[in-house]
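Residue numbers (the numbering used here), protein chains in the order written: chain A, 1 to 113; chain B, 1 to 115.
Just so you know, these hints were derived from the structure itself, not from any lab. Where hints are given, some of them may not hold.
Here are the in silico distance ranges between beta carbons for each label pair [said to hold, decoys possible]:
| id | chain 1 | residue 1 | chain 2 | residue 2 | range |
| --- | --- | --- | --- | --- | --- |
| 1 | B | F47 | A | K57 | 22 to 32 Å |
| 2 | B | E17 | A | K57 | 38 to 48 Å |
| 3 | A | T111 | B | Q57 | 42 to 52 Å |
| 4 | B | V14 | A | E69 | 47 to 57 Å |
| 5 | B | E17 | A | S67 | 42 to 52 Å |
| 6 | B | S112 | A | R9 | 20 to 30 Å |
| 7 | A | D51 | B | S12 | 39 to 49 Å |
| 8 | B | E44 | A | R73 | 13 to 23 Å |
| 9 | B | G62 | A | K57 | 31 to 41 Å |
| 10 | B | V85 | A | E69 | 38 to 48 Å |
Under 8 Å between C-beta atoms, here's a sample of chain A residues computed to sit facing chain B [stated by the list, open to error]:
| id | residue |
| --- | --- |
| 11 | Y10 |
| 12 | L41 |
| 13 | Y64 |
The beta carbon of each residue, even a glycine, is placed where N, CA and C say it ideally should be.
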Amino acid sequence: DVKVTQSSRYLVKRTGEKVFLECVQDMDHENMFWYRQDPGLGLRLIYFSYDVKMKEKGDIPEGYSVSREKKERFSLILESASTNQTSMYLCASSVRAPNTEAFFGQGTRLTVV
Amino acid sequence: AQKVTQAQTEISVVEKEDVTLDCVYETRDTTYYLFWYKQPPSGELVFLIRRNSFDEQNEISGRYSWNFQKSTSSFNFTITASQVVDSAVYFCALSGNNQGGKLIFGQGTELSVKP
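With the rest of the complex left out, here is chain B (with noise of 0.2 Å):
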């Protein structure tokens, strides 16, 4: 069975502080993908990163980050500097390298940044 946990329902921050949203997987397949998402208050998911399981090079754009661990079966999400624009949901999701491109989904973490 395939899992995904993002176990901060929500998080409020002020503007300029990093802040690291948590994903934990669960997976039998070897070959898999890990994505995020954002969600903003117009509603429609945008896509941010895709990272496959055979690569755990860590990748930063601009101010995110994203830290890939096999061993702990986590890709965690960095913003560094956080900004209000930066206030959204944001989902992460797992697709299996045998499931034709379904994606399954965490709960969501709703990041709120304060000015």
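Isolated chain A, as found in the complex (with noise of 0.2 Å):
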């Protein structure tokens, strides 16, 4: 059974602090992304990778750092969370093709106070 793994459900951080979200994949998948998913807006990419070492800025990757220094293994880095960085967070990998799905994780709300 194919799967994408977030670290943690929930958090809760404070402003200010270094938030690290991770994300492991088991599908030996060339394609990994972090979306941001709010109401109203939908999932928004903030970053993608699709090897290791290699990074790409998708629509809002302001506020947000990435890591990928394993290929299983895609990291989201907020360098200093604001209270505007609150929602959940979605991973996904994918083979590097455009016409296959991507797998999902089960999501990482964050709330920041």
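Quick one: dock chain against chain with the hints and give me the complex.
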């Protein structure tokens, strides 16, 4: 059974903290993604990685960075968390082809107080 | 630029009603791929279907059917005889042939099926 696992389901952090969201996939996929989901806005792409150590900015990268040191792991980093980063964060992976579906993790609901 | 629009934010129906979820897209790619995902209350997005831009054949899978019309840039999803278990948020998504697998999502439609 294919799996994308996010390290936390719920997270509460304080403003200004550095926050790490971890994602691991066991399907040997080249692509990994971080999306942010907000009501009325759908899923918006934060960052995308198509190989180890490779990354591309998505539509809303400001305030975020990513790390992909191993193929199976993709980390999202909030350098200095702010209240407007309170959201649901979804990690996904796929093979490197445009015609294949992505597989999603269960999501991390982050609250910044 | 690529864009997906799901104009219906919320839909509420009574069980056994048919319901159609609309999806309109924009892309400059001549080859592209369209997807529908379901997000139940548990949160994990579940893939439902993929359609290639060069294949306009409609598809039916049980109570689900999809209508792809290139002329109107639409990829609508119909649930026949809806059930309470169909209650979820449904997302339409687009991937261009030169986008390396990046998915652009619509805003989502929250479907509530009442008994």
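Evaluation of the provided hints:
1. Between F47(B) and K57(A) the C-beta distance comes to about 25 Å, which sits within the given range of 22 to 32 Å.
2. A beta carbon spacing of about 43 Å between E17(B) and K57(A) agrees with the range 38 to 48 Å that was offered as a hint.
3. For the pair T111(A) and Q57(B), the supplied restraint of 42 to 52 Å holds, since their beta-carbon distance comes to about 45 Å.
4. A C-beta distance of roughly 51 Å is found between V14(B) and E69(A), which places it inside the suggested range of 47 to 57 Å.
5. In this structure the hint that E17(B) and S67(A) lie 42 to 52 Å apart at CB holds, the actual value being about 47 Å.
6. In this structure the supplied range 20 to 30 Å holds for S112(B) paired with R9(A), their Cβ-Cβ distance being about 24 Å.
7. At roughly 44 Å, the beta-carbon separation of D51(A) and S12(B) lies within the given 39 to 49 Å, and the hint holds.
8. Against the hinted window of 13 to 23 Å, the Cβ-Cβ separation of E44(B) and R73(A) comes to about 19 Å, which satisfies the hint.
9. Range check, G62(B) to K57(A): Cβ separation about 40 Å, and the 31 to 41 Å hint holds.
10. One distance hint, 38 to 48 Å for the beta-carbon pair V85(B) and E69(A), holds here, with the actual separation near 40 Å.
11. With 8 Å as the threshold, the beta carbon of Y10(A) stays out of range of chain B, its nearest partner Cβ sitting at about 11 Å, so the hint is violated.
12. The criterion of a C-beta within 8 Å of any C-beta in chain B is met by L41(A), whose closest approach is roughly 6 Å, and the hint holds.
13. Given hint, Y64(A) at the interface with chain B, is violated; its Cβ is 16 Å from that chain's nearest Cβ, farther than 8 Å.
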